[in-house]
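A.B. asks: So the sequence lines, in the order shown, correspond to chains G and P. If you use the numbering used here, the first sequence corresponds to residues 437 to 772, in order. If you use the numbering used here, the second sequence corresponds to residues 437 to 772, in order.
Do not rely on the hints blindly, as some may be mistaken.
As the list claims (entries may be wrong) - Within a straight-line C-alpha distance of at most 25 Å, the following computed DMTMM-like cross-link-like pairs (lysine to aspartate or glutamate) qualify:
| no. | chain 1 | residue 1 | chain 2 | residue 2 |
| --- | --- | --- | --- | --- |
| 1 | P | Lys747 | G | Glu600 |
| 2 | P | Lys632 | P | Glu606 |
| 3 | G | Lys454 | G | Glu560 |
| 4 | P | Lys582 | P | Glu686 |
| 5 | P | Lys546 | P | Asp697 |
| 6 | G | Lys487 | G | Glu560 |
| 7 | G | Lys566 | G | Glu458 |
| 8 | P | Lys569 | G | Glu458 |
| 9 | G | Lys745 | P | Asp483 |
| 10 | G | Lys756 | P | Glu612 |
| 11 | P | Lys745 | G | Asp524 |
| 12 | G | Lys770 | P | Glu580 |
| 13 | G | Lys747 | P | Asp602 |
| 14 | G | Lys747 | P | Glu600 |
| 15 | P | Lys516 | P | Glu580 |
| 16 | P | Lys546 | P | Asp450 |
| 17 | P | Lys648 | P | Asp483 |
| 18 | G | Lys770 | P | Glu735 |
| 19 | P | Lys745 | G | Asp602 |
| 20 | G | Lys756 | P | Glu758 |
| 21 | G | Lys756 | P | Asp761 |
| 22 | G | Lys550 | G | Asp524 |
| 23 | P | Lys570 | P | Asp441 |
| 24 | G | Lys745 | P | Glu735 |
Honestly, the hints are just simulated from the structure, not real lab data.
2 protein chains.
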Amino acid sequence: MYKNDVKYMSVALDEALKAFPEVYPNPKVGAVIVHDDKIISCGHTQDFGGKHAEVMAIENMPSTLKGCTLYVTLEPCTHKGKTDACIDLITPNIFKRVVIANLDPNPIAKGGVKKLIKDGIIVETGICSKNAKKINRRFFTFFEKKRPYIILKIASTLNGVIAEKDGNSEWITCQESRTSGHKARSCCDAIMVGRKTIEFDNPSLTSHGLGKNPRIIIIDPKNKLDHKANVFKSDPIVFSDILNSKKPIENVSIILKKLYDLSIQSLYVEGGGQTISYFIDANLYDELQIYYSPKMIGEGKPLYNGMKKLKDNLNLTLNKIEQFDNDIKVTYLKGY
Amino acid sequence: MYKNDVKYMSVALDEALKAFPEVYPNPKVGAVIVHDDKIISCGHTQDFGGKHAEVMAIENMPSTLKGCTLYVTLEPCTHKGKTDACIDLITPNIFKRVVIANLDPNPIAKGGVKKLIKDGIIVETGICSKNAKKINRRFFTFFEKKRPYIILKIASTLNGVIAEKDGNSEWITCQESRTSGHKARSCCDAIMVGRKTIEFDNPSLTSHGLGKNPRIIIIDPKNKLDHKANVFKSDPIVFSDILNSKKPIENVSIILKKLYDLSIQSLYVEGGGQTISYFIDANLYDELQIYYSPKMIGEGKPLYNGMKKLKDNLNLTLNKIEQFDNDIKVTYLKGY
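Kindly generate the complete structure, drawing on both the sequences and the hints.
C.D. replies: Encoded structure:
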């Protein structure tokens, strides 16, 4: 490791953060090209289907330079997808050294390091690895844990109630909170609800025009749902027969395995309380997004009715607090 | 009203905000003295028993000036308490005009305006009145509503649970949150809990050395408490016989009337859930301070189990969000 490697990789991390959520499901990557201890060029991933970070950086540098170092937050890809493989642009006549934060966990994209070494380029990996993973929690979770990155989304009164006794929840949170929720949907590959949420609310589960619509996933173990409900217009995936209705907590793993096979990288679980509780009790989630609205409901449906106790450490780190009119949104990250 | 009255009163309001919480139970007051359209001197209330705002401002001005205007956020007092009456310093040989945000609602302090007019000074009242009241919500609530200013304090899991089924709540919130709660106690005249909180937690209810200890108030309608509990070392006020055990919600008013008679200006209600619910259902509170800790308890005691429904507007305005380690504290003001 050279003395300025961390410094330049930190610049590359800042570059990565400039990428918009629209790069999903691609990771946000940053690249920095250094020559004679000076930054020559930078780049970050463009929207999905657009240019990758390394390509942006290489295209922005003078073409005659030699002996450069490339700092990139993820191993350059080796496959032609929507764009050409990045690795083909990283040639030994320009680069003598490539510094990489993390290897690519995606089996069809990895192998870049091997190719670089074969070409005689010096390769260093693992610089700022942890910080680089934080930027792409969804991407790394999907490939490393072989399941989607799971966001549990809850809209609650101040006393932890998500609906009245009869199921009515229109509306606990304010318009601004709901819009924030619709935006969050548009950044996820799929949205999941349990049967009762469909029956009580008959929601559309779209992003209400604020971006792409997530794929709809419904849990209906006993196949009870009336297929005239709104969501059935959007060709949802319904989990029924493969589920074990006697041990519902085990269904979480069954469903996640299937969603991984379908390449669903991020899952937004919108409830209700029963579905959320299964995920919490199974410890299978990565992020908790709770909206609290200044209301109280004495008798109602709880946001959680599972088995956790006071002594159980949920391993949650406070990540963000946002305000929407008089509501607040709290985001916790799990195992951070 | 002169064209710069609001401008100078706004400076006086900023002065008032400089007063520390230690002025309680006195109101935070700010004063500004203007001569020839220039600010000559400012002052704000000193700690309880110290000088009042007008005195500070008058002592800081050159003694030879004449024809000044005094801007003060509260009617100058007429009574000798821990300090001399302010009104005696506001003489016509210095002041030609006094502009006041609000009249003093305290019956033993009011009457200042009358005296000023009698002395031939021009008096204007009601400038920035609403903003001035916000600074002294406790003081105005006490005199205008003839009851203490009521803060409901709750320490909860993310799902609205304040203790396990058996009453154990050690500890839901983190050390930093609990310290914040102890500081809040020290700024209130009294702290209130119900019988069950004493039985489950056997708390001391002191400010743990972070300021003055509030007077302890206990609700024990059926006189069941064992007087060996820790709180009995601090000479608490116990409400028992005067309460109506059949209509507990009516007890809130009975208790508040008594606390007003005892000149308790601010009341910090620490629970448990039953006590908090009575106050919420009676709509008798001014501020809600909820600490949420990143825990979930499936079966436990709820922070609220009253009669409010989704349609009920609690009339709460989000005032402040604070972070304590991974806990958050949310403060709502009622009827703001």
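A.B. asks: Each hint: holds or not?
C.D. replies: Hints, one by one, checked against the model:
{"no.": "1", "hint": "Lys747/P x Glu600/G", "in the structure": "holds (10 Å)"}
{"no.": "2", "hint": "Lys632/P x Glu606/P", "in the structure": "holds (15 Å)"}
{"no.": "3", "hint": "Lys454/G x Glu560/G", "in the structure": "holds (24 Å)"}
{"no.": "4", "hint": "Lys582/P x Glu686/P", "in the structure": "holds (16 Å)"}
{"no.": "5", "hint": "Lys546/P x Asp697/P", "in the structure": "holds (19 Å)"}
{"no.": "6", "hint": "Lys487/G x Glu560/G", "in the structure": "holds (24 Å)"}
{"no.": "7", "hint": "Lys566/G x Glu458/G", "in the structure": "holds (23 Å)"}
{"no.": "8", "hint": "Lys569/P x Glu458/G", "in the structure": "violated (48 Å)"}
{"no.": "9", "hint": "Lys745/G x Asp483/P", "in the structure": "violated (45 Å)"}
{"no.": "10", "hint": "Lys756/G x Glu612/P", "in the structure": "holds (18 Å)"}
{"no.": "11", "hint": "Lys745/P x Asp524/G", "in the structure": "violated (63 Å)"}
{"no.": "12", "hint": "Lys770/G x Glu580/P", "in the structure": "violated (48 Å)"}
{"no.": "13", "hint": "Lys747/G x Asp602/P", "in the structure": "holds (14 Å)"}
{"no.": "14", "hint": "Lys747/G x Glu600/P", "in the structure": "holds (10 Å)"}
{"no.": "15", "hint": "Lys516/P x Glu580/P", "in the structure": "holds (22 Å)"}
{"no.": "16", "hint": "Lys546/P x Asp450/P", "in the structure": "holds (23 Å)"}
{"no.": "17", "hint": "Lys648/P x Asp483/P", "in the structure": "holds (13 Å)"}
{"no.": "18", "hint": "Lys770/G x Glu735/P", "in the structure": "holds (22 Å)"}
{"no.": "19", "hint": "Lys745/P x Asp602/G", "in the structure": "holds (12 Å)"}
{"no.": "20", "hint": "Lys756/G x Glu758/P", "in the structure": "holds (12 Å)"}
{"no.": "21", "hint": "Lys756/G x Asp761/P", "in the structure": "holds (12 Å)"}
{"no.": "22", "hint": "Lys550/G x Asp524/G", "in the structure": "holds (13 Å)"}
{"no.": "23", "hint": "Lys570/P x Asp441/P", "in the structure": "holds (19 Å)"}
{"no.": "24", "hint": "Lys745/G x Glu735/P", "in the structure": "holds (8 Å)"}
In the structure shown, a violation is registered for the earlier hints numbered 8, 9, 11, 12, in ascending order.
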